[in-house]
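Position chain P with the ligand relative to chain V; hints supplied.
The listed protein sequences correspond, in order, to chains V and P.
Okay, so the first sequence: first residue is 62 according to my numbering, each after it adds one.
Okay, so the second sequence: first residue is 17 according to my numbering, each after it adds one.
The set of hints was computed from the structure by calculation and includes no laboratory data.
Careful, some of the hints might be misleading.
Straight-line C-alpha distance at most 27 Å; calculated DSS-like pairs for lysine-lysine [what the hints assert, rightly or not]:
1. V:K185 to V:K158
2. V:K205 to P:K76
3. V:K115 to V:K89
4. P:K502 to V:K205
5. V:K115 to V:K157
6. V:K157 to V:K180
None of the values given here were measured: they were computed from a predicted structure.
Residue strings, one per chain:
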Amino acid sequence: MNAQLSHLDMLEAEAIFIFREAAAQFRKPVLMYSIGKDSTVLLHLARKAFWPQKPPFPLLHIDTTWKFRDMIAFRDNTVADFGLDLIVHTNEDGLKKGVNPYDYSPSVYTDVMKTQPLKQALDKHGFDAAFGGARRDEESSRAKERVFSFRSPGHRWDPRRQRPEMWNLLNGRLGPGETVRVFPLSNWTERDVWRYIARENLDVVPLYFAARRPTIVRNGQLLVVDDDRLPLQPGEVPQMKSVRFRTLGCWPLTAAVPSTATDLESVVAETLGARTSERQGRLIDHDQTGAMERKKQEGYF
Amino acid sequence: MTALTAVRREDVAPAFNQELNGILHLLTCGSVDDGKSTLIGRLLWDASDLYDDQRETINKSSNAATGGAHPDFSLLLDGLVAEREQGITIDIAWRYFDTERRRFVVIDSPGHEQYTRNMASGASHADVAIMLVDARAGIKRQTRRHAAILDIVGVKRVVLAVNKMDLVDWSQEKFRAIEADFRELTLRFGFREAIAIPVSAVGGDNVASKSEHMPWYTGPHLLEHLERIPSRDVTPRGSFRMPVQTVLRDGLDFRGLAGTVSSGCISVGDRITDALSGQSAHVLRIATMDRDLEIAKQGQAVALQLDTDIDVARGAVISASHELPTLASQLEARLVWLWETPFEPSNGYFLRTVTDLAPISSLTINSLLDLETLAVQPSETCAVNDIANASITLGREVAVDTFADNQQTGIFLVIDALTGASVAGGVITAASQGEASDGKIFRLTRELLERGLCRDLGDSEDDRREFQRRASETALLLHAAGVQVKIEL
Ligand SMILES: Nc1nc2c(ncn2[C@@H]2O[C@H](COP(=O)(O)OP(=O)(O)O)[C@@H](O)[C@H]2O)c(=O)[nH]1
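This is chain V alone, in the form it adopts within the complex (with noise of 0.2 Å):
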């Protein structure tokens, strides 16, 4: 009995006291649901952390009605399967002004597609505070976030009024305005994610296993159609190729990889094995350095 906790126990244990943590300290969370493996493990987690009750939250999910139709019956059947409180939320306003992923830049789409929504959802419920599935491994601006991210009024990131942690104790009392964000996937890299899926033997949405798909390549990045709502270009003709996702989001913006991979095990021995960092995949992220910065400042995620 005095073998070690792998490093997998010891990352789900904390996830766990986060969780629960934050569900006694905050009066009202949400999860802020995103359909892709991060919260498929938070969302176990979640289950693990108040079993034998459901968590004491409902879901949240901003709809930019880009996603790819797979994530989106993955995201049904997930909540039917668990008896969870889903809500799901899209900018109006933004569709009726007809933004979409490919005749706005990405940080504007982004910005009212997402973030805006975000933050009228998380006011309109008066959430305080939102558990995300962010990782301080995903991307250097990361690398310094609490695990009770503060937000002021009007939900802005500033890095003055966030509050060191020290040892395990987790200080959720809020002062005037302020929200939190919650991060029970600080520590994880992305390889512990796909690890902890095959571990746990969790469902993810298809898409992550490769399949024969209609594709185009577009800025050197290789697309899967999904409808007929993107306007192809001259020359841009759907071939099929066998392709996997190693992140998901919005179609038109989320780039694959061409794969074999079929099947858990061979998708975790690749992602293990992988050649590049994952936010390659993510359109959005090559705006400029720092953008993930910025877009965090402003309430992004």
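This is chain P with the ligand only, laid out in the frame that chain V set:
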């Protein structure tokens, strides 16, 4: 550039579903330009699972300081834009890498005097600290300060990396002199293990492989040493403690006290006591969503079902009946002031332990510690980056241990009641039940609260929590009005 490819491990196919042997949290500290970023960058480069795009970036770089002979490994540790522009690191950055055996978490914190608080909060998460010195300069005043901070927050293992050995001609004599200074320095503190290793970060000497330049050094290289250190939960020694985070129910007969074992271990059938209520019971079941456990040890998150329903709520510390924590309202403590706003005796403050939150009815600063001389200066004030000895009287009793007895239940934060900020972090040096003796204490009783402020509350768990909350807030308001309060519920 043969040295660069020598220990690359990227072609080793990692095992499917591999779980690593625990996590080692590593703090790096040193003065600016001692080579901290280069050392960690080099460790990542040589021994870890970097992605190709990261390697390419580094390969394309070149380090002006070495005349371009080496890539600039420090680029692997870039930080926030604003800080990059300022050219300094002011916050704590976290990095993760795996060697073949284990997960390393590198906690990078600034070393300058004006960042004592950052270093203290970074160090509080560390299992081991690498203290970096330049071989040409040796131990500095700064090094002493760092050792003192590490000791205060409970880091038990330190490694002195004597860097830039290439610039002193790999001199054994130089290294031995620094090593001797280091020994003398560490003797003053409570470290369990202190070792000095001669390295050259740019060349990778004794970083992740043995240096050919220093045959006289027969000890382990840095990575070898780090991989041998036990990860934090390896020995479930110490008294059993589990701070209760919440109570979980299944709507039938299951009532589970949910929490993470903070020290020791517990088995089904063991007798436990809640020090706050004084009630005892036996463990009937150690439940998790996956399966029931026979035994739960330090670091595991569980839900304990007891054989008798004792009245335990969040904030309690479930303990082995034969080794109880102290039920204290009077604490002596050493604390690091973390916030820009200095200590203000008339402010309302809370004391947060792992899961409890109690109003502070008086906080008195007794003295400040000079980190370089370790001398104490009497003082009644305390501001950012100060290390202070303080006396704290709580509005009600909490279950705690001294830090020397238990590093998990001997710690606390001081929280500003109004802004919510964590203004200080501290360790308990002594705890007692003792009450301030002058009769001017206002006793806030259950009866008093029930009659008015809380008369809308019933007996449900939520209502009882709300009762506690109102009692705490009332105590703070009274305290702000200059009244010493003791909550007696
Ligand atoms: N000659 C030599 N230079 C080094 C060594 N390690 C670091 N440096 C140089 O020292 C300078 C400061 O290093 P850096 O890692 O940025 O220091 P930091 O401020 O402590 O992070 C840089 O110019 C490095 O190239 C070493 O082992 N030998």
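Right, here's what the structure says about each hint:
1. Distance hint between K185 (chain V) and K158 (chain V) is fulfilled; the C-alpha atoms sit about 21 Å from each other, no more than 27 Å.
2. Restraint check for K205 (chain V) and K76 (chain P): the C-alpha separation of about 26 Å stays at or below 27 Å, so the hint holds.
3. Taken as a hint, the K115 (chain V) and K89 (chain V) pair is honoured in the structure, with Cα atoms around 15 Å apart against an allowance of 27 Å.
4. With a CA separation close to 40 Å, the supplied pair K502 (chain P) and K205 (chain V) exceeds the 27 Å bound.
5. At roughly 36 Å between alpha-carbon atoms, K115 (chain V) and K157 (chain V) are farther apart than 27 Å, so this suggested pair is violated.
6. Annotation: proposed proximity of K157 (chain V) to K180 (chain V) holds, straight-line Cα distance about 18 Å (limit 27 Å).
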